[in-house]
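Asker: Chains as they are written, first to last, in our numbering: chain A, 505 to 748; chain B, 60 to 174.
Don't read these hints as lab results, they were simulated from the structure. As the structure is a computational prediction, the values presented were derived from the model and not from experiment. Every residue gets a Cβ at the ideal spot worked out from N, C-alpha and C, and that includes glycine. A few of these clues could be false.
Which chain A residues face chain B? A few, computed with CB under 10 Å, are given here [to be verified]: (1) L577; (2) S668; (3) G671; (4) F672; (5) G676.
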Amino acid sequence: MKLYKGDLHIHTCLSPCGELEMSPLRVVKEGLARGLDIIAICDHNSAENVGAAIRAGAELGIHVLPGLEINSLEEIHALAIFDREEQAMRMQAIVYAGLQGTNRPDIFGEQVVVNEFDEVERFEDRMLIASTQLGIDEIAGEVHRLGGIVIASHVDRPSYSIISQLGFMPSGLELDAVEISCNSKIESFLKDNNALKGLPVITSSDAHLPGDVGSRCTSFFIEFPCVNELRMAFQNRSERRIVY
Amino acid sequence: MKVRDIQSAFNLEVAAGGGGLDREVVDGYCGDLLSDVMANAGRGSVWLTMQSHQNILAVAALKELAAIVLVNGNRPADDTRARADQEGIPILLSQGSSYQLAGMFFNAGIKKKEG
Chain A
505 MKLYKGDLHI HTCLSPCGEL EMSPLRVVKE GLARGLDIIA ICDHNSAENV GAAIRAGAEL
565 GIHVLPGLEI NSLEEIHALA IFDREEQAMR MQAIVYAGLQ GTNRPDIFGE QVVVNEFDEV
625 ERFEDRMLIA STQLGIDEIA GEVHRLGGIV IASHVDRPSY SIISQLGFMP SGLELDAVEI
685 SCNSKIESFL KDNNALKGLP VITSSDAHLP GDVGSRCTSF FIEFPCVNEL RMAFQNRSER
745 RIVY
Chain B
60 MKVRDIQSAF NLEVAAGGGG LDREVVDGYC GDLLSDVMAN AGRGSVWLTM QSHQNILAVA
120 ALKELAAIVL VNGNRPADDT RARADQEGIP ILLSQGSSYQ LAGMFFNAGI KKKEG
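For reference, chain A alone in the conformation it holds in the complex (with noise of 0.2 Å):
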């Protein structure tokens, strides 16, 4: 086993607020510059440049594992990551079914689909800024029913995260983790949040811009990056674990 270093909370140029330079070999390129062995790749509500970054990741040697931060019903932003790109995929598909309206580029920012080579294939429709029709306890249902893992984004912000929308941890909620994004300190935040004591927490770079890729980290003691070896980390379990 070894450490991997990971930033499993990627935007690019597909989110309407991430930077046009976002493409998905960019991204790569920042994460190698960074010495990170494992992104994620989380674009809003949607996976249509994971498939690009996982080719560009094979490439050039950095493990890309395929994922989107999904919207809820309650405007909780989760991300679900998964190992394959067809697994992400499906479960963009749930979310499409539960995403309404067309995107709005002026006012929201251009949704660009760009393949591993750097060209634009075409432009994202949908408007994916807005909220699944989906409850987060769905949500997680149906990541974990397609194999993939769920973590709560910035559980520390004032807005989209699980705290803010619904005041506290729901009971039952089956997460797999929860991020803490580069505004706190994970000691500092943890202290002061009681209810997310015993949850296995990570932070990330929730990067939309390059210079943010690999900005925070979190690293994981694993035989191998991908979602099952990442989930005994957050379990501590057969000596997997996660290390800050």
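Got chain A sorted already, so can you dock chain B onto it with the hints?
Answerer: Just chain B now, kept in the frame of chain A:
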């Protein structure tokens, strides 16, 4: 004024928590961020929200709210209804918006007495 009076005056559907229809209403609050409602809603308020997650009952119980009105045609899930029955806090349903309902409730005299 009791929850029952609002419910019948504005013809709101009772989705759950019917055992609490005699709770007293003294004020109102609108909000969809539960952290905000926990910080700012007053005791005895009728709460207008579109959040239907079961955590709304915990917030209502904590803040001793009189009732919850789900606006814009939102409906509670089974676990939310079960929790409302258990807490005895009514969940009322409306097709109207928070703005419309707040205006109607205010005009009907639901407002905290000044001073």
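Asker: Broken hints, numbered, in rising order?
Answerer: Nothing - there is no hint that the structure violates, so all of them hold.
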